[in-house]
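Peer 1: Spelled out, the chains give:
Number of protein chains: 2
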Amino acid sequence: MSGKKPLILVSNDDGITSRGIRALVETMMELGEVVVVAPNSPQSGMGHAITVGNTLRLDRSTAFEDEGIAAYECSGTPADCVKLAKHHVLKDRRPDLVVSGINHGSNSSVSVLYSGTMSAAIEAALEGLPAIGFSLCDYSSTADFSHTLEYVRAIALQALQYGVPPDVALNVNLPARTEQPIRGVKVCRQAKAKWTEVFDQRKDPYGRSYYWMAGNFVNFDKGEDTDEWALSNNFISIVPCTFDLTAHYALPQLNRWKL
Amino acid sequence: MSGKKPLILVSNDDGITSRGIRALVETMMELGEVVVVAPNSPQSGMGHAITVGNTLRLDRSTAFEDEGIAAYECSGTPADCVKLAKHHVLKDRRPDLVVSGINHGSNSSVSVLYSGTMSAAIEAALEGLPAIGFSLCDYSSTADFSHTLEYVRAIALQALQYGVPPDVALNVNLPARTEQPIRGVKVCRQAKAKWTEVFDQRKDPYGRSYYWMAGNFVNFDKGEDTDEWALSNNFISIVPCTFDLTAHYALPQLNRWKL
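In the order they appear, the protein sequences are chains Y and E. Residue numbers for the first sequence follow this note's numbering, so the first one is 365 and each next one is one higher. Residue numbers for the second sequence follow this note's numbering, so the first one is 365 and each next one is one higher.
There are no misleading hints in this set.
With the Cβ distance kept under 7 Å, some of the chain Y side facing chain E (calculated, not the full set):
1) Ser408
2) Gly411
3) Ile414
4) Val416
5) Lys447
6) His451
7) Leu477
8) Val551
9) Gln554
10) Glu561
11) Tyr574
12) Tyr575
13) Leu615
14) Trp621
15) Leu623
The set of hints was computed from the structure by calculation and includes no laboratory data. Backbone N, C-alpha and C fix where the C-beta goes; we use that ideal spot for every residue, glycine too.
The shape of chain Y in the complex, shown without the other chains (with noise of 0.2 Å):
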């Protein structure tokens, strides 16, 4: 840390001009050079989608010029800005830090899953970067993040200094403003839980149905390590999440069928 600044690339998934990315890049600018390389449109619930089969843009955005930020718009996901950032805009340059974020709306458990917030600091991780996403537990677009950046600057300090451990992403959610404080931070194991859908039938003006997907989330777990446990007590969650989707104690069961 002494010496040179620290690069840090900041991506996310609300889009490039969404309040979320301004106050992690506004907070990173604490820390290190910035260069960000985000969405020039919303791109919630992506995964870990990639663009296949078809081209992608990438423009010098105007989104941090007041703030002398390098700052790229590309038309892909979250997983393609990382791509673009690691081999095309910093491909002679290697980022100390990623961050991706801050989401509007929560990542914990299983949501992970669908998180392109996520996505972005997983790929980061595939990359071998240290690799942080952030998601503040409030959908609204006019989310107030104020009360989380100290705990952002301090976690991202932390993964600087000590790096984050290896082949891993930190999935990291914030409560939602409230009268209380947070409480601190804990670090916690993905709750099991789902998100169970209604689909709400409709009719267009022709005649024909469509559908909106409606999702109510059921947590089943009530273990008190949990990034959900952690989260409704106020406490910020810190959740390592691999690439390495191996189901190690599945193995011998498997091995007992004949094949």
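Got chain Y sorted already, so can you dock chain E onto it with the hints?
Peer 2: Relative to chain Y, chain E alone:
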């Protein structure tokens, strides 16, 4: 397995008209009653994307009319298809098995993260349903699946008879047809590897830049217990994939952070 025929839900990411889903449907018809809910257009590389903030279409499809199979085509992603199947099309029936594919192209190693095929299977696992994604290591739209179908049938039959380990979706990759017969089936872990991207920058007719992303797969993993080893030795690979991304080994290191 005795008595009533099992109900098998089939989805994919290449779209309902692809050859791969047809091969899978025909194979599953030997094992049970088949219902198809699949995308109405190719969804490769969609990862675990879902449709958020937009509407979905779901229409009856004639794709498997000759076989007497109920089929639905959906405007959304593979994960959307499984959600619509579980909570709308089959809301009063519980599938005994969910299969996805057969994908035109490998989804081994880290490609599982980008895979729409596997997102359908993982979405089903989140719903507590036994689920398998099948992928052929041949990207061609005219790929030959015939040499794999006895194995696809056998694997699905084992899943129907013994169930799939809890909270797991199976990622099954099938060697492309060569002159050598398939040597058998290996239960594997996900190989440690990455895609290194090359961005081919071009100019459109208006003089503006655009990019094609082209990836090179780099396998760092010399283990003989990996999916990559199995496939390169002409075995079928089965990796049990979890949706709990928690990297438990990383928790102690993070608990030493000063936060």
